[in-house]
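Starting from the given sequences, assemble the full structure and let the hints guide the process.
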Amino acid sequence: MVVSATKSPEDALDIAAPVSIVSGDELRRRGAKTVAEALQDVAGVDTGNGSDNGARLANIGVWGLKEFDALLVTVDGVPVGGPFNPSLAQIPIEDVERIEIVKGPQGTLYGVSAFAGMIQVFTRRSREAGGALTLGGGSFSDKHGNLSYTAAQGDQTIHLFGSMARNKGWQDGTDVSSDRLSVGYTQRTKEGSVDVTASILRDTNYFGSPLPVDAGQPVPGFEIDRNYAIGGGRLDHRVYSLTSTISQPLSKTVRLENTLGLARDEQIAVRSFIVGSDGTTATATGTSVRPLETTLYDDARIVANFTAGGHQRLVAGIAYTTGKTTLDGTGFDFSLLTGPNPVVPTLDQVPVGDNRSAEDNRTFWGFYLNDEWTPFHALTLTFGARYDRTSESLNATVAEVGAPAPDVASDSRTDGAWSGGVAALLRLVDKPQASVLNALNVYVSAKSNFKPAAPNILEVESARILEPERARSGEVGLKTRWASGTLSFDVTFFHMNFENLVVSTVDQNGQPALMNAGEERFQGMDAQLVWALPKFEGWSLAAGYGHHDATYVHFSFLTPDGELSVVDGNRLELVPRDLWNARFAYAPKTGLGFWGAVRHQNIRPLTRSNTFYTDSFFEWDAGASWEFSWGRLSLVGRNLRDDRHYVTDSEIGEGQLYVAPPRRFLGEIAFRF
1 MVVSATKSPE DALDIAAPVS IVSGDELRRR GAKTVAEALQ DVAGVDTGNG
51 SDNGARLANI GVWGLKEFDA LLVTVDGVPV GGPFNPSLAQ IPIEDVERIE
101 IVKGPQGTLY GVSAFAGMIQ VFTRRSREAG GALTLGGGSF SDKHGNLSYT
151 AAQGDQTIHL FGSMARNKGW QDGTDVSSDR LSVGYTQRTK EGSVDVTASI
201 LRDTNYFGSP LPVDAGQPVP GFEIDRNYAI GGGRLDHRVY SLTSTISQPL
251 SKTVRLENTL GLARDEQIAV RSFIVGSDGT TATATGTSVR PLETTLYDDA
301 RIVANFTAGG HQRLVAGIAY TTGKTTLDGT GFDFSLLTGP NPVVPTLDQV
351 PVGDNRSAED NRTFWGFYLN DEWTPFHALT LTFGARYDRT SESLNATVAE
401 VGAPAPDVAS DSRTDGAWSG GVAALLRLVD KPQASVLNAL NVYVSAKSNF
451 KPAAPNILEV ESARILEPER ARSGEVGLKT RWASGTLSFD VTFFHMNFEN
501 LVVSTVDQNG QPALMNAGEE RFQGMDAQLV WALPKFEGWS LAAGYGHHDA
551 TYVHFSFLTP DGELSVVDGN RLELVPRDLW NARFAYAPKT GLGFWGAVRH
601 QNIRPLTRSN TFYTDSFFEW DAGASWEFSW GRLSLVGRNL RDDRHYVTDS
651 EIGEGQLYVA PPRRFLGEIA FRF
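Just so you know, we're using my numbering here: the sequence shown kicks off at 1 and counts up by one.
Because the hints were derived from the structure by calculation, they are not lab data.
Watch out, some of these pointers could steer you wrong.
Under the rule of at most 27 Å between Cα atoms (straight-line distance), these lysine-lysine pairs were calculated in the BS3-like manner [said to hold, decoys possible]:
id, residue 1, residue 2
1, LYS431, LYS535
2, LYS589, LYS535
3, LYS190, LYS143
4, LYS143, LYS168
Now the structure itself:
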């Protein structure tokens, strides 16, 4: 049962959209510690550890679209990061009950942030008393542990979760320190519930530089595992959050639901990026800023189930999201020695080049209506519409040391637009007890969405509000269940037209900048097969395949030399045409279990001109565990072939790419009590 696609519990088989579900128990068995590791075996989803936001944080790609804020990411219904970029550091992977992934625009119910899809994370909320303690360690001096405990009395439960992690990172000077504590209280009645959770997160990831690449090869003087970022580079989050969900019946057919979230994120962001090199020395530019981000989110809705010409499920609601980011800091430039033993100055050794400050205010509000109508059992029709009003004001100041006057930028924008969607699902076969084919559902849908473009406020000199992005998509899909429900096969064909994709570029001063990229097209198909072998209890097989054609339809821009570059018809950077994965697992209730997984992507263009391509790659993971009555012992190995492929490109450093972490191992012991 999933809720992401409809805001109401429903069998994934009956949803007219591509939906994938990842179990928290499976993630713990496989020792997943990052969002990338949690989602890497979902069909057609492109993940990889590493981005401008830190070595552990992915830039997730769906349908070939790999824009950091194109997906809505929520934890227990509340967007992490609010109206700004998703804050993946806030996701407690070790405390996940399940993750639901819905591809394609979801603006009808979820607004402008669910532009190309959504990832909903639900944390554990057991009704039974008990707990679990996990301790582990592994490569790169990794040490971690977490404790989950539920106290239950009648219809009241208190859930406690805490975790800590320390490791050295796979690049020089990229230590990680993360501590998390959350306390949740749930009051259930016969027909309703109230849940309140308070959380604290202290997360530090010392920054590791991306790898400068030219003509498809690392720039001479730079090595994959060395860190050329400013000494003391770091990305810190100190997050204090409060969330609540309320569900109460107003009548036998009508229910009132509300989701509320408050968060304060105190950050430190010290990063640098290479801007030039002669083989032995290099120049770099960087920033040291302290952003403070506060967000408020509320979604109130009525869910009604009634009969009128068949079964109707109506969801009507109003949502409000507001956020404010302020920052102060400095910019700097420096030189360094490259090579296998780089000599890089620390932050306190570099003179201040400028003083900078910025303030960004964003407010989104909208109202929506979604009706799912089943006139008879074989057919379900869905109609939805939503109006969103977005406003943003941005003020930024950069004062160069020695300059007579500061550079001041002030920008504001207000937009209002409708999002909509229609879908039909036809149940051609519905035989739950059949031994061969149990279900065959066909669906078709059309959706539209818009989203304000996110400025890069951490790079103040290029901060400006861009044109809003817009998407229109069509999907046709097939969902089947076989062999008494033990075998499922789903396939989706999609076509999405996209306008004003935000991409990174370099201005005429050689500084990083963001710009709108005209029109793009994303089309292709995703397929997923899962088989729980009925005659071999505990055995399962899963496989996924995606064919993604991501193309610039109309996009022209000026190079730093002032020349016009036209990339119409070219493929988007680092998007594979074909990607697939496969996994087998044996997970008995007691005794020895094991699993193995493989992922493959074919060649990907490195540049918008499509002049250079990166090689295709395979990535292998495997693990073994022994289940006891009291807990589990496990050992996991990742990237066993030690394939160092590129995972994503930097939005700030021109021609700089993040590389997959090397081979690594992790051992854990888990106690249940």
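Checked hints:
{"no.": "1", "hint": "LYS431 x LYS535", "in the structure": "holds, 21 Å"}
{"no.": "2", "hint": "LYS589 x LYS535", "in the structure": "holds, 16 Å"}
{"no.": "3", "hint": "LYS190 x LYS143", "in the structure": "violated, 43 Å"}
{"no.": "4", "hint": "LYS143 x LYS168", "in the structure": "holds, 10 Å"}
Checked against the numbered hints above, the structure breaks only hint 3 and satisfies the rest.
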